Amino acid sequence: MKRNVLVLAGSMLLFAGAVRGQAKLVEKVTKKGSELVIPYEKYVLPNGLTVLVHEDHSDPVVHVDVTYHVGSAREEIGKSGFAHFFEHMMFQGSDHVADEQHFKLVQAAGGTLNGTTNQDRTNYFETVPSNQLEKMLWLEADRMGFLLDAVTQKKFEIQRATVKNERGQSYDNRPYGLANETTSRNLYPYGHPYSWMTIGYLEDLNRSDVNDLKNFFLRWYGPNNATVSVGGDVKPAEVIKLVEKYFGAIPKGPEVKAAKFPAVVVDKDRYVTQVDNYARLPRLFFTLPTVPNYHPDMVALDCLAEILGQGKNSILYQSAIKSQLALNATAFHSNSELAGEFEFDLVPAPGKSLADMEKIIRSAFAEFEKRGVTDEDIAKFKGATESQMINGLQSVSGKVSRLAAYQTFTGNPNKIGEELAEIRALKKEDVMRVYNQYIKGKGAVILSVVPKNQEQLVAAEPNFKIDSSNYQKPDYGYASLKYNKAKDNFDRSKVPAAGPAPVVKVPAFWKKDNANGLRIIGTENDEVPTIAIYLFIPGGHLASAGDLSKAGLAGMFTAMMNEDTKNHSAEQISQELAKLGASLSISSGLNGITVNVQTLKQNLDPVIALMEERIFRPNFTEAAFSRLKNQRIQGFKQMKSQPAAIADAVFAKVNYGPNHILGISQAGTEETIKNIELKDIQAYYDNFITSQGARLVVVGDIKQAEVESKMAFLNKLPNKKIATPKIDPVPPVDKTKVFLVDVPKGAQTEFRVGYATGLKWDATGDYYRSVLANYALGGNFNSRLNLNLREDKGWTYGANSGFTGNQVGGEFRFAAGIRADATDSALVEVMKDINNYVKNGPSDEEVAFMKDAIGQFDALRYETPAQKAQFISRVLEYNLPANYTAQQNKILSTVKKDDLSKITRQRIQPEKLNILLVGDKAKVLEKVKKLGYEVVELDADGKKVGEKKEF
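Counting along the sequence shown from 1, when you hit position 494 you're at 494 in full-length UniProt numbering, and nothing is skipped either side.
Incorrect hints may have been included.
[Stated by the list, open to error] Distance ranges between label pairs, derived from CB positions:
1) Pro254 <-> Glu911: 56 to 66 angstroms
2) Lys494 <-> Lys452: 15 to 25 angstroms
3) Ala705 <-> Asp375: 14 to 24 angstroms
4) Ser334 <-> Gln682: 34 to 44 angstroms
5) Ala460 <-> Glu612: 44 to 54 angstroms
6) Lys428 <-> Thr621: 26 to 36 angstroms
7) Ser585 <-> Tyr878: 41 to 51 angstroms
8) Leu202 <-> Arg617: 48 to 58 angstroms
9) Lys24 <-> Lys494: 22 to 32 angstroms
10) Lys566 <-> Lys452: 20 to 30 angstroms
11) Asn293 <-> Arg362: 40 to 50 angstroms
12) Glu911 <-> His57: 22 to 32 angstroms
13) Asn889 <-> Ala705: 32 to 42 angstroms
14) Gly946 <-> Ala460: 53 to 63 angstroms
[What the hints assert, rightly or not] Computed cross-link-like contacts, DSS-like style, restricted to lysine-lysine with a CA-CA straight-line distance of at most 27 angstroms:
15) Lys415 <-> Lys382
16) Lys710 <-> Lys566
17) Lys79 <-> Lys214
18) Lys637 <-> Lys943
19) Lys721 <-> Lys512
20) Lys566 <-> Lys760
21) Lys494 <-> Lys214
22) Lys214 <-> Lys482
23) Lys241 <-> Lys79
Because the hints were derived from the structure by calculation, they are not lab data. A quick note: this is a predicted structure, and the numbers were derived from the prediction, not measured. Glycine included, every Cβ here is placed at the ideal spot set by N, Cα and C.
Modelling step: build the complete structure from the supplied sequences, incorporating the hints.
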């Protein structure tokens, strides 16, 4: 690494006011040899804005990130949730960007975008074709410098409702959704900004007003509290010129000093109980305070968490899961800017209490003290962690995000080298020291989350009361804040034009068909020294089509394939893979199983040896089968407490009927898993492992000849033809009706509206055209359904519709989580939008937007190894020509409004849709009946209420 540092005078860095000035180069970092480094140039503008530029011309893509050093840690008691709320408001338009246009402008440019808020920072980001860079910087600058006059009371009210829906969907309406909130409230002192969740409390959101929000912006959203990071197919000089133009005149905001809080101390164990409306199983959270992010002890604590509770070699896995005392037992270590947390998370096996789970944790401590830290522990941690760092640099967004975070929290964008050095320097005695310092004998917050009427399962009676007597309200300097706009020497209202469209090249690939029926496809990619391998073997869920009583067999089979082999235990394989910085897993899908391998180039040979062993020498033991079967059965019980999971499972049964393979989850059901025996696992292996119809996809730093040589062991796959399962025809929908599943006291109603189309996936036929036709209805953020239900009404966090397809069939589906008290009104709006769209089709403007958005998205399709793998895998699976995307673009450019209208009328029939509502019957039933729909009540298994037989 070469690092040139330019020291600036302090007066330059502290320059105030709205005077435009040139950015000053602070440092330039370049890569030397094979070192792990992200090259960049760092600049600072006179108004305090920090700019990072990473140049990478491997793909015609640009990622723009604007990170503000403010999160929920800058809030106060009674005013929680502001940072996250403001993130929503930043997408609602500014002086020169109209309402609902921010998303539209980015999507029309062929890009993706979002924003996120955590305790310590808020970031906004876009990934776009490289010719759209100027437009993105213009957009970000406009909301940094010209937002507040566009913030209206109406927008405020709608986005407040949207945030409430987000809280309902992500926290209030799901099992264990409030566990972190309860832990934080009892772990941190009253008033500590980590004592509440970033989403905030509903009562705080209710009492806030638009002026509170404006003050929050004026205090924290100045350029001197922000970092603009740009990476990808750019030239630094051009980036800085644009940044100076659009950001340079934005006035500096108030000074922002680093937040400081004393270390959290829990002097003795604090027992807390939470009764959960949705949970079906009890769960124990055991949390201890540790250290802030980038603390010297952070790495050793991460390693300790891995030893205690991560993976099959961990103490908790061996003592609790493998012995079937617990269904889940894990440990994690997380760090934020002001503090860290070491957490244990255990779900007891049937018949066990949370007090038993606490004993397991205490026993794990004793076991750790007895066994100590081994050389294998250290090697495994180092290998896995270093590999994760490398894999995180496969995309330009991954590199830019890391630079932005390093700069925001440490002031050093080049922190990756230091982090890697800390990992490589870790010693056994470091891990034992942090255990003794932060864990052994220390007080913890011990939270018992129990289902209703199961309070007897708590670890212990509550013994802690929050003390609010010493709270001192912080003075963040909100008084006398003034809104000063930039004074420009150009017309900021003009949307920057895009540059020349970049040349997008689909990945070049090679193909080879082996004599045994195995088909191979690969593409070479040497940007990162990694290799990804995907082996697909036909079978999967459809293999159970002839015997529905054992649906879920393929999933159980692949779970067993991830256990012991004839030569090694699952623990030994897991440990070796971690040391190699690799992953190897086998999973089941609709029509086959897939062996997934990720490895560093340098470790390919030993990883392939493990892959061969997994495939050809599995060892199916009764002990592993019994444990996995029990975990699955208990998991089904928990799924029935999750409204979204209930909705997905029941909707499949509504669409296909109870006696159709596609109407049963790929995981099976509680009843079908009970029917599976160990001999069925062996029978699947004997009957469905074959080279016929198998496909091998290889992406990464490897040439064809090397692939053929190293993967030659696959020639040993049995060369036998597997009978194609018979799939029953899809039952027609006779008329639109409502199916209702009761979730008492549900904060939201999960909507699923649609039907089984029977339309199989294709690249250039009816399916592809149907996807285009749906785009304006529900296929993007600015679609009619989402704008109506989220942006205009504030009833949901998000709504979408779409066509899905595969080799055997397909569906049309609308999905959303809707505020419970708006269920009937939302159903009216959903059906109105669908009917209007079917009747009239998309508008000319919607068609033009769709063509722009989809047509320019090609630049983003092939950047990462995973994206390249998806592309060439589809080529092989559907026997597509190499230029199929060019054919799609031709269809896209020539399709007309009337064509899309005709397709919509053919594929969406409002009078023959299944409507599933999963929510509080007491709030929903009578109101929905008044709309004139026939209502059929179902239970969480999809059976008619009051009837033993399925509908």
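Cross-check of the supplied hints:
Under the hint 56 to 66 angstroms, the C-beta atoms of Pro254 and Glu911, about 59 angstroms apart, fit the expected range. One distance hint, 15 to 25 angstroms for the beta-carbon pair Lys494 and Lys452, is violated here, with the actual separation near 59 angstroms. Range check, Ala705 to Asp375: about 37 angstroms between beta-carbon atoms, so the 14 to 24 angstroms window is missed. Distance hint for Ser334 and Gln682: a CB-CB separation of about 41 angstroms, consistent with the stated range 34 to 44 angstroms.
For Ala460 and Glu612, the hinted distance range of 44 to 54 angstroms is satisfied, since their beta carbons lie about 50 angstroms from each other. As the Cβ distance of Lys428 to Thr621 is approximately 32 angstroms, the hint placing it in 26 to 36 angstroms holds. A hinted range of 41 to 51 angstroms is violated for the C-beta pair Ser585 and Tyr878, which are about 25 angstroms apart. At roughly 55 angstroms, the beta-carbon separation of Leu202 and Arg617 lies within the given 48 to 58 angstroms, and the hint holds.
The hint said 22 to 32 angstroms for the Cβ distance between Lys24 and Lys494, and at roughly 28 angstroms that hint holds. Judged by the Cβ atoms, the range 20 to 30 angstroms given for Lys566 and Lys452 is violated: they are separated by roughly 47 angstroms. Evaluation of the 40 to 50 angstroms hint for Asn293 and Arg362 yields a failure: the beta carbon distance comes to about 28 angstroms. Restraint check, Glu911 to His57: a C-beta distance of roughly 53 angstroms breaks the suggested window 22 to 32 angstroms.
Between Asn889 and Ala705, the C-beta spacing of about 33 angstroms keeps the proposed range 32 to 42 angstroms intact. Distance hint check for Gly946 and Ala460: the Cβ-Cβ separation is about 41 angstroms, which falls outside the suggested range of 53 to 63 angstroms. The suggested pairing of Lys415 with Lys382 holds, with an alpha-carbon distance near 17 angstroms, which does not exceed 27 angstroms. Taken as a hint, the Lys710 and Lys566 pair is honoured in the structure, with Cα atoms around 22 angstroms apart against an allowance of 27 angstroms.
Taking the CA atoms of Lys79 and Lys214, the gap is near 13 angstroms; set against the 27 angstroms cutoff, the hint holds. Our distance criterion of 27 angstroms between C-alpha atoms is met by Lys637 and Lys943, whose separation comes to about 16 angstroms. Among the hinted pairs, Lys721 with Lys512 is consistent with the structure: their alpha-carbon atoms are about 20 angstroms apart, no more than 27 angstroms. The straight-line distance between the Cα atoms of Lys566 and Lys760 is roughly 40 angstroms, outside the 27 angstroms bound, and the hint therefore fails.
Note on Lys494 and Lys214: the hinted pairing holds, with a Cα-Cα distance of about 26 angstroms set against a maximum of 27 angstroms. Taking the CA atoms of Lys214 and Lys482, the gap is about 10 angstroms. The hint holds against a cut of 27 angstroms. Of the pairs offered as hints, the one joining Lys241 and Lys79 is violated, with about 39 angstroms between alpha carbons and a cut-off of 27 angstroms exceeded.
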